[in-house]
Amino acid sequence: MLVLIRGAGDLASGIALRLHHAHLSVVMTDLPQPTAIRRTVCFSQAIVYGSMTVEDVTARFCAAPENAAAILAAGELPVLADPEAKCRTALRPDVVVDAILAKKNLGTRITDAPCVIGVGPGFTAGEDCHAAVETMRGHTLGRALYHGSPLPNTNIPGLIGGFAGERVLRAPADGIFVQKLEIGTSVRTGDIAGTVNGVPMLCQIDGMLRGILPDGTPVTRGMKSGDVDPRGKREYCDLVSDKALAIGGGVLEAILSLTGALRA
Numbered sequence: 001m002l003v004l005i006r007g008a009g010d011l012a013s014g015i016a017l018r019l020h021h022a023h024l025s026v027v028m029t030d031l032p033q034p035t036a037i038r039r040t041v042c043f044s045q046a047i048v049y050g051s052m053t054v055e056d057v058t059a060r061f062c063a064a065p066e067n068a069a070a071i072l073a074a075g076e077l078p079v080l081a082d083p084e085a086k087c088r089t090a091l092r093p094d095v096v097v098d099a100i101l102a103k104k105n106l107g108t109r110i111t112d113a114p115c116v117i118g119v120g121p122g123f124t125a126g127e128d129c130h131a132a133v134e135t136m137r138g139h140t141l142g143r144a145l146y147h148g149s150p151l152p153n154t155n156i157p158g159l160i161g162g163f164a165g166e167r168v169l170r171a172p173a174d175g176i177f178v179q180k181l182e183i184g185t186s187v188r189t190g191d192i193a194g195t196v197n198g199v200p201m202l203c204q205i206d207g208m209l210r211g212i213l214p215d216g217t218p219v220t221r222g223m224k225s226g227d228v229d230p231r232g233k234r235e236y237c238d239l240v241s242d243k244a245l246a247i248g249g250g251v252l253e254a255i256l257s258l259t260g261a262l263r264a
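Just so we're aligned, residue 1 is where the sequence shown starts under the working numbering, counting upward by one.
Source of the hints: derived by calculation from the structure; they are not laboratory data. Check before you lean on any hint, since a few could be wrong.
[Said to hold, decoys possible] 30 Å max Cα-Cα, derived DSS-like pairs, lysine-lysine: (1) K104 / K86; (2) K243 / K103; (3) K180 / K243; (4) K86 / K180; (5) K104 / K243; (6) K103 / K86; (7) K224 / K86; (8) K224 / K180.
[Said to hold, decoys possible] Ranges between beta-carbon positions, derived for each pair: (9) S51 / G190: 35 to 43 Å; (10) T89 / G165: 40 to 48 Å; (11) P200 / G148: 37 to 45 Å; (12) A63 / G190: 20 to 28 Å.
Where is the CB? At the ideal position from N, CA and C, for every residue including glycine.
All chains, please: the whole structure from these sequences, using the hints.
Next comes the structure, spelled out in structure tokens:
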């Protein structure tokens, strides 16, 4: 079974790990210049560096759809710079998973594959996808929905270590982001993690810098540009999050449920 995942950020990468470990063939797509924050656990970085290993799985940049089969045969995940997923026509996947996490549907249709799954707000099962998966932290996180939609976006990050919005670092101005600290750096409140046009982006809490945009990324004021983990554990920077794995489990359930129904 071939699964095409739109998006290769941290949540999409958690989904890919779950599906790969369940012996499904996974191909991913992302932007030519990925804007992932948690870059140490994002397969999108294969587009930047040629390959990227997250935990025990390696992804490799795939220049064209026809090269995907060889990468899959080597036990790796092909990642294409193809944000519109035009490769779908050539690959003809059994499943399409939209894990862009744009909080809205950017063009995925229920007719894109025999099984289409939307991740997070912006999708309605039975209309633009066959199933949707809840992404909001709480009692319903990771649930596969076969009717209706995931909870709407609140723009409030989930609680980690007692902190929510304070964890997120946002661009202080429009312009080009300048990275000042590396992922895995211990930070204190007031530390400068980056700048935009000379305006500092300050850490709001003590902890570990778990994610930050790469140097030279164009940003707009208020755009999410970094992530501080108040638990302060360096090893968490290299592990897929509990949230990503929960969502991945919901996607796996939906695939097995829906494709089993198709086979029947």
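We went through each hint and held it up to the structure:
This hinted pair checks out: K104 and K86 have alpha carbons roughly 19 Å apart, not beyond 30 Å. Under the criterion of a C-alpha separation no larger than 30 Å, the hint pairing K243 with K103 is consistent with the structure, at around 16 Å. With a C-alpha separation of about 28 Å, the suggested pairing of K180 with K243 holds against the 30 Å cut-off. Of the pairs offered as hints, the one joining K86 and K180 is violated, with about 36 Å between alpha carbons and a cut-off of 30 Å exceeded.
Restraint check: the Cα-Cα separation between K104 and K243 comes to about 19 Å, which is no more than 30 Å; the hinted pair holds. Our distance criterion of 30 Å between C-alpha atoms is met by K103 and K86, whose separation comes to about 21 Å. Distance check on the hinted pair: K224 and K86 sit about 27 Å apart at the alpha-carbon level, within 30 Å; holds. Of the supplied pair hints, the one linking K224 and K180 holds, its CA atoms being roughly 16 Å apart against a limit of 30 Å.
Checked against the given bound of 35 to 43 Å, the beta carbons of S51 and G190, roughly 37 Å apart, stay inside it. Roughly 41 Å separates the CB atoms of T89 and G165, a value that falls within the hinted 40 to 48 Å. About 43 Å separates the C-beta atoms of P200 and G148, a value consistent with the hinted range of 37 to 45 Å. Range check, A63 to G190: Cβ separation about 44 Å, and the 20 to 28 Å hint is violated.
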